[in-house]
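Participant: Given the coordinates of chain A, work out where chains B, C and D should sit on it, guided by the hints.
Each protein sequence line maps, in turn, to chains A, B, C and D.
So the first sequence is numbered by the numbering used here: it starts at 673 and just counts up by one.
So the second sequence is numbered by the numbering used here: it starts at 673 and just counts up by one.
So the third sequence is numbered by the numbering used here: it starts at 1155 and just counts up by one.
So the fourth sequence is numbered by the numbering used here: it starts at 1155 and just counts up by one.
I should point out that these hints are in silico values taken from the structure, not numbers from a laboratory.
The C-beta atom is built at its ideal place from N, Cα and C for all residues, glycine as well.
One or more hints might be untrue.
Unchecked claim - With a cut-off of at most 25 Å between alpha-carbon atoms, the simulated SDA-like pairs for lysine to any residue come out as follows:
no., chain 1, residue 1, chain 2, residue 2
1, A, K687, D, A1201
2, B, K687, C, L1159
3, A, K723, D, W1302
4, C, K1292, B, R684
5, A, K674, D, P1208
6, C, K1292, D, D1179
7, D, K1292, A, I729
8, A, K674, D, K1292
9, B, K687, C, S1287
10, A, K687, D, E1281
11, C, K1292, B, R711
12, B, K723, C, S1293
13, B, K723, C, A1299
14, A, K723, D, S1287
15, C, K1292, B, R735
16, B, K723, C, T1303
17, D, K1292, A, R684
18, B, K687, C, A1299
19, B, K674, C, R1217
20, A, K687, D, D1290
21, C, K1292, B, H733
22, B, K687, B, R735
23, B, K674, C, K1292
24, C, K1292, B, P750
25, D, K1292, C, H1255
Claimed, not checked - From the derived model, a few chain D residues whose C-beta atoms are all more than 10 Å from chain A:
no., residue
26, H1161
27, T1178
28, S1193
29, A1201
30, T1232
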Amino acid sequence: MKILYFAWVRERIGKADEELDPPAGVVTVADLMRWLAGRGEEYSYAFDNPKVIRAAIDRLHVRADTAIGSAREIAFFPPMTGG
Amino acid sequence: MKILYFAWVRERIGKADEELDPPAGVVTVADLMRWLAGRGEEYSYAFDNPKVIRAAIDRLHVRADTAIGSAREIAFFPPMTGG
Amino acid sequence: MAVRLQHEPLDAVAEVAALTRGRTDIGAIVTFTGICRGSEDGAPITALTLEHYPDMAEAEIARHIEEAERRWALLGVTVIHRYGRIAPGEEIVLVITASSHRQDAFAAAEFLMDYLKTRAPFWKQVERAGHGSWVDAKSADDQAADRWTATGHDAAAE
Amino acid sequence: MAVRLQHEPLDAVAEVAALTRGRTDIGAIVTFTGICRGSEDGAPITALTLEHYPDMAEAEIARHIEEAERRWALLGVTVIHRYGRIAPGEEIVLVITASSHRQDAFAAAEFLMDYLKTRAPFWKQVERAGHGSWVDAKSADDQAADRWTATGHDAAAE
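Bound-form chain A, shown alone (with noise of 0.2 Å):
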C-alpha cells in the first residue's frame, strides 16, 4: 500500500511517500494513524494530534473510521489551504 504526505506532516515524517504493509489489525484509517504513529519519533510527532489531520484513500477524502478495505494509495494531510 502506498501512503503519501503532505505540507507538514511530509515535513515532521522527512518523506513524501513510502510504500508499507500494515498488520491485520489496522482496519480504519484511525488504526493506520496509530500504528504509523509507533514507527518512531517522527510519525509520532507527525500524528501527535491526529484530530487535525485529514485522509483521502485512493484520491477520495474519507473520515477516520472509514475502513481502509483494499486501498492502494492513501494519504495524510493537515486541512486544505487552497484557493
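Facilitator: Chains B, C and D alone, transformed into the frame defined by chain A:
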C-alpha cells in the same frame, strides 16, 4: 420646469423633453402625471397606467406621492431594465 | 472608484489592471460581465439598443458604489455600462470589485448588479427583424434587489 | 468544463475567450481571481509556496464543477489553480462561470471558491525572510463551505 421622458414614455409622447409650467394645484408627482395625461391623446396614452411609471426629481428616484417642490428637472420612465 | 458610461466596447483586462496596478493588499477580484444574448424570451433578436438618462445614471451608479463601500471592505470598484446599439455576443456591463477576502468582493458585485438591473436608469429595446420592442422589467430582478434592504422595500426611493 | 493545475501565470482573457467564443447563449460571466497578498496575519511575506496532491486535486476540482453543474444552469466553467512559488501580487486561482442569467454564475463561482478553499488538496506555505511556515486553515472558510450542504456538515466526506 424641465420634463424628460424615456423609453416608451418618450415614444408615446413623441418627444424627449419639454419646458412646462404646471398650475398651482399640481403638488405631487402623481398630480403632475394626472395633469400631463390631460394634455392630449399622446399624453393620456403615455400615462394610461400611472402605476407602472417611475419618476425622478432632479435625478433622484422618487415615489408618486413626493411633493414636486422647487424641482428643476422631473423625468418619467418605465421600470429600468439596465445591467 | 470608477464609473463610466460609454458606447465603446469594454476592455476588462485594462480595467482590472488599472484597479490592481502596484498593489499587494488585494486578495480577491470578482468581475461580472453582462453579455447581449442572441435571444430574448425564446425568440432570436438582431440587437439590443440601450437608452439611458446620462446625468442621472452616472450619479446613481456612483451612489450605489458608495453604499457598497460602506457595507463591505472593498479595495476598489469599477462599473462600466454601455449604451446605444449592442449586438448579440457583445458586452453590456462590467462590474469589478476588489477586496482582501473573497466574501466582500462577491457580495459587493452581486449587490451592484442587482441594483443596476432595477435602479440604474437604462432601458433595453429589443430589435427583431427591423422593428423594436421594449424589454419588460423582471420581478425576479426586483426580488433580488430587495434582498439588500432590511425591510424588503425599496429604501432608496423612500 | 476545463480544469488545469499549473505553475505558469494565468491568462484570464484567453480563458474567458475560450469559454465564450462563437456563442450567443451566454448572458453572464463571473470571474474570481485569487491573488497572493503581500502580508498574512498582519506581517509582510516574501512569497507563498503552494504544495498540492496532483492526481487528487484535478479529480476533486472536476467533481465539484460537476456538482455545480447539477445545482445551477451553467453554460461553461473553467477552474485554474496554480502551484509552486508565487510572489505577492501574482494570481493563485481563477474561476470562471458562464450562464444565461447572473444568479447562476454568481452562485456557482462562490460555491466553487468555498470548496477550493476547504476541500481541494492544496497547502500554502508562507515564506518570510527566508524561512517557511504553513498557513492554518480558517474556520470562516469551513463555515462558508458548509452553507452549501443541507445539514451544515461536510457531505462530500460522508
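Participant: Each hint: holds or not?
Facilitator: Evaluated hints:
| no. | hint | verdict |
| --- | --- | --- |
| 1 | K687/A <-> A1201/D | 23 Å, holds |
| 2 | K687/B <-> L1159/C | 23 Å, holds |
| 3 | K723/A <-> W1302/D | 24 Å, holds |
| 4 | K1292/C <-> R684/B | 22 Å, holds |
| 5 | K674/A <-> P1208/D | 15 Å, holds |
| 6 | K1292/C <-> D1179/D | 19 Å, holds |
| 7 | K1292/D <-> I729/A | 24 Å, holds |
| 8 | K674/A <-> K1292/D | 30 Å, violated |
| 9 | K687/B <-> S1287/C | 18 Å, holds |
| 10 | K687/A <-> E1281/D | 21 Å, holds |
| 11 | K1292/C <-> R711/B | 31 Å, violated |
| 12 | K723/B <-> S1293/C | 15 Å, holds |
| 13 | K723/B <-> A1299/C | 20 Å, holds |
| 14 | K723/A <-> S1287/D | 20 Å, holds |
| 15 | K1292/C <-> R735/B | 19 Å, holds |
| 16 | K723/B <-> T1303/C | 22 Å, holds |
| 17 | K1292/D <-> R684/A | 22 Å, holds |
| 18 | K687/B <-> A1299/C | 31 Å, violated |
| 19 | K674/B <-> R1217/C | 23 Å, holds |
| 20 | K687/A <-> D1290/D | 21 Å, holds |
| 21 | K1292/C <-> H733/B | 18 Å, holds |
| 22 | K687/B <-> R735/B | 23 Å, holds |
| 23 | K674/B <-> K1292/C | 30 Å, violated |
| 24 | K1292/C <-> P750/B | 12 Å, holds |
| 25 | K1292/D <-> H1255/C | 12 Å, holds |
| 26 | H1161 | 14 Å, holds |
| 27 | T1178 | 32 Å, holds |
| 28 | S1193 | 16 Å, holds |
| 29 | A1201 | 15 Å, holds |
| 30 | T1232 | 15 Å, holds |
Violated hints, listed in ascending order, are 8, 11, 18 and 23; each of the other numbered hints is respected by the structure.
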